[in-house]
Amino acid sequence: MIKRSFFSSKFLPYFLILPQFLVTATFFYWPALQGLAQSVMRSDPFGQHSTFIWLDNFIALFIDPLYLKSIGTTLFFSASVAAVSISIGLFIATMANRALKAKAVIRTMLIWPYAVAPAISGILWLFLLHPSYGVVAIAIKRWLGLDWNPVLDGKDALFMVIMASAWKQISYNFVFFIAGMQAIPGSLIEAAAMDGASPFRRFWKITLPLLSPTLFFVTVMNIIYSFFETFGVIHMMTQGGPGGATNILVYKVYQDGFIGLDLGSSAAQSIVLMTLIIVITVLQFKYVERKVQYAG
Amino acid sequence: MKMRRLLIIGAVGIAVIFFAGQALAEPITINWWHAMKGARGEVVNTMIKAFNDSQSDYKVVGSYKGNYDETVNAGVAAYRAKKQPHLLQSFEVGTQTMMLSGAIYPVYKLMKEQGYNIDWKGYMQPVLSYYMNANGDLMSMPFNSSTPVMYYNVDLFKKNGIAMLSKTKPITWDKLGEITAKLVKSGVPGGMVTGWQSWTQVENYSAIHNIPFATRANGYEGLDCELAINNPKVIHHITRLKKWADDKRFVYAGQKFQGPKAEFIAQKAGVYIDSLSAIAKLQKAVKDFKWDVAPLPVESWMKEPQNSIIGGASLWVFKGFSKKEYKGLAAFLKHLSKPEMQIYWHKETGYFPITLKAYETLKNQGYYKKYPFKEVGIKQITRRIPTKISRGLRLGYFIQIRNIINEELELVWNGSKTPKEGLDNAVKRSNIKLREFEKIYKK
Numbered sequence: 107m108i109k110r111s112f113f114s115s116k117f118l119p120y121f122l123i124l125p126q127f128l129v130t131a132t133f134f135y136w137p138a139l140q141g142l143a144q145s146v147m148r149s150d151p152f153g154q155h156s157t158f159i160w161l162d163n164f165i166a167l168f169i170d171p172l173y174l175k176s177i178g179t180t181l182f183f184s185a186s187v188a189a190v191s192i193s194i195g196l197f198i199a200t201m202a203n204r205a206l207k208a209k210a211v212i213r214t215m216l217i218w219p220y221a222v223a224p225a226i227s228g229i230l231w232l233f234l235l236h237p238s239y240g241v242v243a244i245a246i247k248r249w250l251g252l253d254w255n256p257v258l259d260g261k262d263a264l265f266m267v268i269m270a271s272a273w274k275q276i277s278y279n280f281v282f283f284i285a286g287m288q289a290i291p292g293s294l295i296e297a298a299a300m301d302g303a304s305p306f307r308r309f310w311k312i313t314l315p316l317l318s319p320t321l322f323f324v325t326v327m328n329i330i331y332s333f334f335e336t337f338g339v340i341h342m343m344t345q346g347g348p349g350g351a352t353n354i355l356v357y358k359v360y361q362d363g364f365i366g367l368d369l370g371s372s373a374a375q376s377i378v379l380m381t382l383i384i385v386i387t388v389l390q391f392k393y394v395e396r397k398v399q400y401a402g
Numbered sequence: 498m499k500m501r502r503l504l505i506i507g508a509v510g511i512a513v514i515f516f517a518g519q520a521l522a523e524p525i526t527i528n529w530w531h532a533m534k535g536a537r538g539e540v541v542n543t544m545i546k547a548f549n550d551s552q553s554d555y556k557v558v559g560s561y562k563g564n565y566d567e568t569v570n571a572g573v574a575a576y577r578a579k580k581q582p583h584l585l586q587s588f589e590v591g592t593q594t595m596m597l598s599g600a601i602y603p604v605y606k607l608m609k610e611q612g613y614n615i616d617w618k619g620y621m622q623p624v625l626s627y628y629m630n631a632n633g634d635l636m637s638m639p640f641n642s643s644t645p646v647m648y649y650n651v652d653l654f655k656k657n658g659i660a661m662l663s664k665t666k667p668i669t670w671d672k673l674g675e676i677t678a679k680l681v682k683s684g685v686p687g688g689m690v691t692g693w694q695s696w697t698q699v700e701n702y703s704a705i706h707n708i709p710f711a712t713r714a715n716g717y718e719g720l721d722c723e724l725a726i727n728n729p730k731v732i733h734h735i736t737r738l739k740k741w742a743d744d745k746r747f748v749y750a751g752q753k754f755q756g757p758k759a760e761f762i763a764q765k766a767g768v769y770i771d772s773l774s775a776i777a778k779l780q781k782a783v784k785d786f787k788w789d790v791a792p793l794p795v796e797s798w799m800k801e802p803q804n805s806i807i808g809g810a811s812l813w814v815f816k817g818f819s820k821k822e823y824k825g826l827a828a829f830l831k832h833l834s835k836p837e838m839q840i841y842w843h844k845e846t847g848y849f850p851i852t853l854k855a856y857e858t859l860k861n862q863g864y865y866k867k868y869p870f871k872e873v874g875i876k877q878i879t880r881r882i883p884t885k886i887s888r889g890l891r892l893g894y895f896i897q898i899r900n901i902i903n904e905e906l907e908l909v910w911n912g913s914k915t916p917k918e919g920l921d922n923a924v925k926r927s928n929i930k931l932r933e934f935e936k937i938y939k940k
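Chains as they are written, first to last, in this note's numbering: chain A, 107 to 402; chain B, 498 to 940.
Each hint should be verified, as a subset may be incorrect.
[Said to hold, decoys possible] Mimicking DSSO-like on lysine-lysine, the simulated pairs with C-alpha atoms at most 30 Å apart in a straight line are:
| hint | chain 1 | residue 1 | chain 2 | residue 2 |
| --- | --- | --- | --- | --- |
| 1 | B | K609 | A | K247 |
| 2 | B | K580 | B | K831 |
| 3 | B | K765 | B | K781 |
| 4 | B | K844 | B | K820 |
| 5 | A | K247 | B | K787 |
| 6 | A | K175 | B | K740 |
| 7 | B | K784 | B | K800 |
| 8 | B | K800 | B | K860 |
| 9 | B | K546 | B | K816 |
| 10 | B | K739 | A | K247 |
| 11 | B | K821 | B | K556 |
| 12 | B | K753 | A | K247 |
| 13 | B | K917 | B | K672 |
| 14 | B | K778 | B | K824 |
| 15 | A | K247 | B | K784 |
| 16 | B | K740 | B | K655 |
| 17 | A | K247 | B | K682 |
| 18 | B | K745 | A | K261 |
| 19 | A | K261 | B | K914 |
| 20 | B | K835 | B | K854 |
| 21 | B | K914 | A | K247 |
| 22 | B | K730 | B | K682 |
| 23 | A | K175 | B | K914 |
| 24 | B | K936 | A | K175 |
| 25 | B | K866 | B | K787 |
| 26 | B | K609 | B | K580 |
| 27 | B | K546 | B | K655 |
| 28 | B | K753 | B | K925 |
| 29 | B | K679 | A | K175 |
| 30 | B | K917 | A | K261 |
| 31 | B | K656 | A | K261 |
| 32 | A | K247 | B | K679 |
| 33 | B | K787 | A | K261 |
| 34 | B | K656 | A | K247 |
| 35 | A | K175 | B | K753 |
| 36 | B | K824 | A | K261 |
| 37 | B | K609 | A | K175 |
| 38 | B | K580 | A | K175 |
| 39 | B | K816 | B | K835 |
| 40 | B | K655 | B | K739 |
FYI, nobody ran anything at the bench for these hints, they're computed from the structure.
All chains, full assembly: derive it from the sequences and hints.
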């Protein structure tokens with residue numbers, strides 16, 4: 107049964123959404139418009155001279171091979187973060203979903219990392235993996251004989267920030283997957299088991315399709331996370347280095363705008379970043395969502 | 498009517514007296530935003546307190562605003578909102594941006610207009626010259642200044658029969674090559690490490706050898722300058738370091754100081770080039786070996802090495818305040834440069850004393866007999882009169898340029914580029930930034 111509410115006053119609904127509207131307008135639309143205005147200007151940090159320069163800031167970005175490389179790095183980085191955190195999150199959720207002793211404790215422990223801020227997570231991983239003082243780094247070098255050096259090797263550095271960024275998101279994904287799995291009727295799985303379906307087949311044919319709405323939601327959220335919130339991880343671990351190997355778009359915005367005080371270019375980059383994430387999200391809804399089965 | 502007029506006059510008179518009394522009683526607040534935290538922050542607070550206790554007209558309030566980037570950003574945002582502090586600490590790479598901002602009141606002017614006849618010759622010239630405009634006028638007050646020096650592990654040197662280094666006469670780079678080779682041969686994992694590679698290995702290397710870092714006198718004489726670090730000498734130096742990196746005589750441990758410092762403290766490298774402000778950190782952290790300080794190495798062909806250049810920050814005065822406030826500011830800046838304040842500052846933080854008088858006093862007190870390593874940096878920056886090339890760097894978007902140099906050097910160290918390719922590309926990319934910067938301020 108659907109509940110319906112009726113408002114006696116014509117203005118009451120508008121009044122009720124006013125606070126939310128004000129918050130969104132102040133903290134999202136207004137800064138976004140400011141950013142848009144700034145992106146077509148060339149101005150000094152103190153705001154004393156500003157010149158309207160059409161799309162020069164954008165043109166400068168797209169003829170810069172390093173900016174294009176940064177877009178590539180970002181796409182690879184987000185795809186990897188999403189893939190790693192989703193697959194591990196799904197795996198752990200499947201394991202934890204089985205009846206176990208101390209279920210609540212284990213789940214709490216698995217959810218815990220989500221409470222860690224990205225910057226803290228970056229510091230923790232750096233303490234483990236830094237080639238000079240990292241405990242795990244020493245082990246990797248001594249026992250695996252690998253020449254592990256994320257300070258100098260771009261691939262190592264990228265691997266390191268992907269792991270650190272994915273780690274925290276695993277917990278997030280875990281929460282949604284385990285909730286999704288609990289919503290799957292046990293009878294379905296039991297019936298399949300009685301028909302002789304292997305655990306893998308049961309997962310593949312029953313759990314995963316029924317989990318697809320969750321999977322879709324989690325993918326969208328993970329990609330947005332890896333585009334923006336991983337800033338803290340990058341800032342703490344590599345500052346975009348070595349040689350720009352981990353310089354993802356959001357970090358470049360910060361470096362050029364906040365540290366370098368090049369506001370025009372930074373604003374233009376923000377606009378590009380915003381457009382990119384909108385396009386990616388729309389594409390996901392358009393093409394991936396079709397495969398999602400919302401009803402069991 | 499007369500009565501009424503009298504009343505008004507009386508009321509106004511009372512009000513004037515009342516408010517004047519208020520103004521006399523209340524000290525004028527002067528806000529200073531700085532980036533000094535921890536032990537250095539405490540030292541700053543002590544210096545402020547000394548000023549506030551010495552007079553009752555002004556009250557300086559110091560606020561820690563985060564690291565250098567954050568402090569400058571806070572200043573920029575505040576100025577845009579017309580809520581700027583009176584005094585802002587800004588790091589040396591931001592000098593050009595601050596100078597051209599149109600938001601500042603030059604320090605030389607402030608001091609002159611407030612009746613302080615300061616003999617700028619009594620200051621350490623290589624420190625002042627970094628903050629002077631093309632006419633030699635001081636734009637901001639130097640505050641914390643340091644320069645890179647070379648730290649070495651005395652125990653490892655002794656063990657390998659390497660003689661201790663002189664504190665005044667620099668060794669040659671070839672000699673450092675021999676020393677690091679010996680260290681590596683004896684089983685030390687690395688020869689040398691360096692913090693802030695752009696500052697120590699390119700900017701200071703160029704200054705010491707009197708090689709232009711950029712055209713137009715390193716940018717002092719015009720915004721149309723171009724980077725010049727792809728010259729044969731710097732390329733040669735980077736090529737040598739790359740060769741050393743291949744046989745472990747040089748280990749790259751990161752852009753900033755944390756990685757290199759950790760390598761040196763863990764005795765995984767015997768030589769460590771970094772700012773002299775690392776002295777305090779090493780004194781605290783190193784327990785199991787002895788270390789000492791030497792000037793930066795020079796090339797064998799450089800018979801009379803130039804001064805090294807400084808790093809650190811200076812204090813900028815913002816526009817938009819009343820005469821009275823500026824009077825207080827001038828008094829405060831004067832207070833900071835007093836010998837006793839500078840001596841205290843140098844002793845506690847290791848940063849240079851900015852006046853020669855403070856330095857002489859310390860010398861006469863026998864301070865450097867007790868702590869000879871604290872004088873290495875001072876001798877290194879004062880060993881010659883700065884030339885147009887060694888006095889400093891004045892580049893727009895310098896932060897980005899340093900970043901570019903760091904990136905390109907990393908690509909050299911990890912073998913993706915040859916030294917020449919890396920430096921050529923650094924110049925090319927930096928020049929794009931310099932042209933963008935020039936456009937902003939072109940009339």
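Going down the list of hints, with the structure as the test:
| no. | hint | result |
| --- | --- | --- |
| 1 | B/K609 - A/K247 | violated, 62 Å |
| 2 | B/K580 - B/K831 | holds, 24 Å |
| 3 | B/K765 - B/K781 | holds, 18 Å |
| 4 | B/K844 - B/K820 | violated, 34 Å |
| 5 | A/K247 - B/K787 | holds, 28 Å |
| 6 | A/K175 - B/K740 | holds, 28 Å |
| 7 | B/K784 - B/K800 | violated, 37 Å |
| 8 | B/K800 - B/K860 | holds, 27 Å |
| 9 | B/K546 - B/K816 | holds, 25 Å |
| 10 | B/K739 - A/K247 | holds, 22 Å |
| 11 | B/K821 - B/K556 | holds, 12 Å |
| 12 | B/K753 - A/K247 | holds, 23 Å |
| 13 | B/K917 - B/K672 | holds, 24 Å |
| 14 | B/K778 - B/K824 | violated, 37 Å |
| 15 | A/K247 - B/K784 | holds, 26 Å |
| 16 | B/K740 - B/K655 | holds, 26 Å |
| 17 | A/K247 - B/K682 | holds, 20 Å |
| 18 | B/K745 - A/K261 | holds, 21 Å |
| 19 | A/K261 - B/K914 | holds, 16 Å |
| 20 | B/K835 - B/K854 | holds, 9 Å |
| 21 | B/K914 - A/K247 | holds, 25 Å |
| 22 | B/K730 - B/K682 | holds, 28 Å |
| 23 | A/K175 - B/K914 | holds, 17 Å |
| 24 | B/K936 - A/K175 | holds, 26 Å |
| 25 | B/K866 - B/K787 | holds, 18 Å |
| 26 | B/K609 - B/K580 | holds, 26 Å |
| 27 | B/K546 - B/K655 | violated, 46 Å |
| 28 | B/K753 - B/K925 | holds, 24 Å |
| 29 | B/K679 - A/K175 | violated, 41 Å |
| 30 | B/K917 - A/K261 | holds, 23 Å |
| 31 | B/K656 - A/K261 | violated, 38 Å |
| 32 | A/K247 - B/K679 | holds, 24 Å |
| 33 | B/K787 - A/K261 | violated, 37 Å |
| 34 | B/K656 - A/K247 | holds, 27 Å |
| 35 | A/K175 - B/K753 | holds, 24 Å |
| 36 | B/K824 - A/K261 | violated, 57 Å |
| 37 | B/K609 - A/K175 | violated, 52 Å |
| 38 | B/K580 - A/K175 | violated, 40 Å |
| 39 | B/K816 - B/K835 | holds, 25 Å |
| 40 | B/K655 - B/K739 | holds, 27 Å |
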